[in-house]
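Participant: In case you want the letters, here they are:
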Amino acid sequence: MTTDTLTDAELRDLKALVAEMIPASMTYEVPGADDEAIFADIVKSLERDTADARTSLRLLFELGGGSFADLDAAHRHEIAATFKVQGGAALFALNRVVLLCYYRDDRVMRSLGQEPRSPFPKGHVVEQGDWSLLDPVKKRAPFWRRM
Amino acid sequence: MHDKVDVLIIGSGASGAAAAWSLADTKMRILCLEQGDWVKPTDYPTNGRDWEARLFSDFAINPNRRNRPTDYPINDANSPIKVVNFNGVGGSTIMYTAHYPRLHPSDFRVKTLDGVADDWPVDYQTLEPFFAENDRMMGVAGLAGDPAYPLHHPPMPPLPLGKSGQRFGRALNSLGWHWWPSDSAIATVEYDGRAPCINLGHCTPGCAQGAKASTDITYWPAAIRAGVELRTHARVREITVGPDGMATGAIYYDAEGKEHFQPAEMVIVACNGVGTPRLLLNSTSAKFPDGIGNSSGLVGKNLMFHPFALTYGYVDEPLDGNHGPPLNLWSQEFYETDRSRGFVRGYTLQLHRGTGSIVEAITSTLAGRLPWGEDHHKVYRGLLNRRLGMSTITEDLPEEHNRVTLDPVIKDSNGIPAPRIDYTMGENTRKMMEHGVARSKDILAAAGATNIGVEAPILNGGWHLMGTARMGTDPERSVVNEWGRSHDVKNLFIVDGSIWVTSGGVNPTSTIQALALYIADSIKTRLSEGTLFE
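Here the protein sequences line up with chains A and B, keeping their order.
Start counting the first sequence at 1; every next residue gets the next number (the working numbering).
Start counting the second sequence at 1; every next residue gets the next number (the working numbering).
Be a bit skeptical, because a hint or two may be false.
Stated by the list, open to error - Covered stretches of chain B (chain A as the covering partner; in silico rule of three or more C-beta atoms under 8 Å from a C-beta of chain A):
1. 21-34
2. 102-108
3. 316-327
4. 358-366
Said to hold, decoys possible - Not close to chain A: a few residues of chain B, all C-beta gaps over 10 Å, as computed:
5. Asp123
6. Gly176
7. Tyr191
8. His260
9. Glu336
10. Thr337
11. Glu374
12. His376
13. Met425
14. Ala438
15. Trp483
These aren't lab readings, by the way, just hints derived from the structure by calculation.
Only a predicted model underlies this, so the values are computations on that prediction, with no experimental measurement involved.
Positions of the beta carbon are idealized from the N, C-alpha and C atoms, including for glycine.
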């Protein structure tokens, strides 16, 4: 397992990248993935995906001809679009960590109508449903193959 | 050197636990060696806010990703389907969804009925009392009267239909196709000291409530109370043999890597369809240079997986999402052979309740459905809790080129050669999968779902590991006989999924355990007759 950490330059580029992936939204009143708390969670959670994150950031650097964070907004959009197509498995691993952290943030969960809590011990309620739906199947003759 | 035991069981999962419990009433000295550890209920992901994230770390379904000290590496680079397992007390019943169908009667007679593969040397009728006993021990919820099966009576009422189930029910009724509440190894009421399901919704990587039946909380407490010893962090390297060709015990490593020899009167292997051939092939000696019990050359061959296809779409209203056990219905409409479909044998459709919010985001990103940028939020809100999906579980016919061998390079942390998987999907399976995906799309259309996605085969879908030490009456065409004893070594038994002759098209745990109980019963009968080692 790779547990080393990203450099400051890599972190700057990563923060700019995650803002391209999931920007803040006034419409839905949610932070972006570059929000301080969410980004800190992303960095902490890279763990076994650190090597893939580093590979991705290296490609991003190459595509942009330098630091991604230093590009102007229009250029960042353009490079991010290319990067999304070319990033492959390493980018997917990085993108996965971003999503893992973003969608467990309390503010994001509340905006989706979800309770920010663990499933246990409270659990959830699932309706029994209309069991009469099964009546037509109950009327069917056995159809398993007899020997 | 440890004291000699009467019975040494290797592996504490679905089959090892059942065999240990069944044999305990003989009052023999029984020891089980397990390479993993007990998993505490408080360790399961649903205890924490990171419950979905841990599917990608310490509770990943793929052992190569999970990479716990108790796991062993598997070289599955040459397979489109990756092996899924768990190593610990309870084995892969810790890491399963507790969907619990039995094999059908026709599954034991595929050669006779359809002219492919081989018939089993046992049949459904023989196993029926052991299915029932296993249902009682594991605690199975379901509904009697499924026309796809011989009548049987699950001891608990079925899981709730929920919104997703009703949507599926209406769709399948409109098509005139079969569906039924699944047999599920999940307690829906208080059962034998277990609390009922509270719909945590994340059953696969362990149940914090204890409602899901994993053998650490079903068979093992009963077996240990009856005197069976379970030794954890004991990774077996090889089964040893004496000059007479009989098994003498096993060599294993403890948590510190110290080597031990455990002598035994008889050895029962229960390490699953990958772990068992790995162990047998690693157990070489002057008498068995190609691995113990391998005079047929079939140890490791005929690996069967049940290739899965996932087909899903999105509806216009919120469904159950991750609330409730993810699998609660099945359709067996296309299970039995109909040659007009262009293939023999058939498949189960297991109908999914929904997914969690993070898994939805990840899978939709992978599928190219969820964009980056401002649109991300709008698109995501149109997907969350609206997914309706199903899996096609195809019957995989045995083919000798699909196999488990020993990797020449990769070893586990104790230096034991790792298993290597070479596997390709057969033509019959491919046609069956295409049919299953097409019919799944029909169901989704009837349910009003759009935005259809397909993953076929599912990459991390090697849940079911079968066929690599098949049973049979012919020593040249099988590894163990009709009651699980090695043809070559008369005090060596195998009880896990590796002894399956064909795969059927259902989740195998119920049948694996019924078969283990049947073999244990056969051992007891012959023990009392004095014919066990003849």
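Participant: None of the hints should be skipped; say for each whether it holds.
Facilitator: Structure-based check of each hint:
With 0 residues having a beta carbon nearer than 8 Å to a beta carbon of chain A, the stretch 21-34 of chain B misses the requirement of three or more and the stated coverage is violated. Against chain A, the stretch 102-108 of chain B contributes 3 residues with a C-beta closer than 8 Å to a partner C-beta. That satisfies the three-residue criterion, and the hint holds. With a cut-off of 8 Å between beta carbons, the stretch 316-327 of chain B has 4 residues touching chain A; three or more are needed, and the interface restraint holds. Under the rule that three or more residues need a Cβ within less than 8 Å of chain A, the assignment of the stretch 358-366 of chain B holds, with 5 such residues.
A beta-carbon of chain A is positioned within 10 Å of the beta-carbon of Asp123 of chain B; the least distance is around 8 Å. The Cβ of Gly176 of chain B sits about 8 Å from the closest Cβ of chain A, inside the 10 Å cut-off, so the non-interface label is violated. At the 10 Å boundary, the C-beta of Tyr191 of chain B stays outside the reach of chain A, the nearest C-beta of that chain being 17 Å off. Remark: the non-interface label on His260 of chain B is consistent with the geometry, its nearest Cβ contact in chain A lying 28 Å away (cut-off 10 Å).
Distance to chain A contradicts Glu336 of chain B as a non-interface residue, since its nearest Cβ pair spans about 5 Å, not more than 10 Å. With a least beta-carbon separation of about 8 Å from chain A, Thr337 of chain B fails to lie farther than 10 Å from that chain, contradicting its non-interface assignment. Against the 10 Å criterion, Glu374 of chain B falls within the reach of chain A, whose nearest CB is about 6 Å from its own CB. Chain A draws His376 of chain B into its interface by the beta-carbon criterion, the shortest separation being 5 Å against a cut-off of 10 Å.
At roughly 22 Å from the closest C-beta of chain A, the C-beta of Met425 of chain B stays outside 10 Å, upholding its exclusion from the interface. No beta-carbon of chain A comes within 10 Å of the beta-carbon of Ala438 of chain B; the shortest separation is about 21 Å. Here Trp483 of chain B stays apart from chain A, with its beta-carbon at least about 21 Å from theirs, past the 10 Å limit.
Checked against the numbered hints given earlier, the structure breaks hints 1, 5, 6, 9, 10, 11 and 12 and satisfies all the rest.
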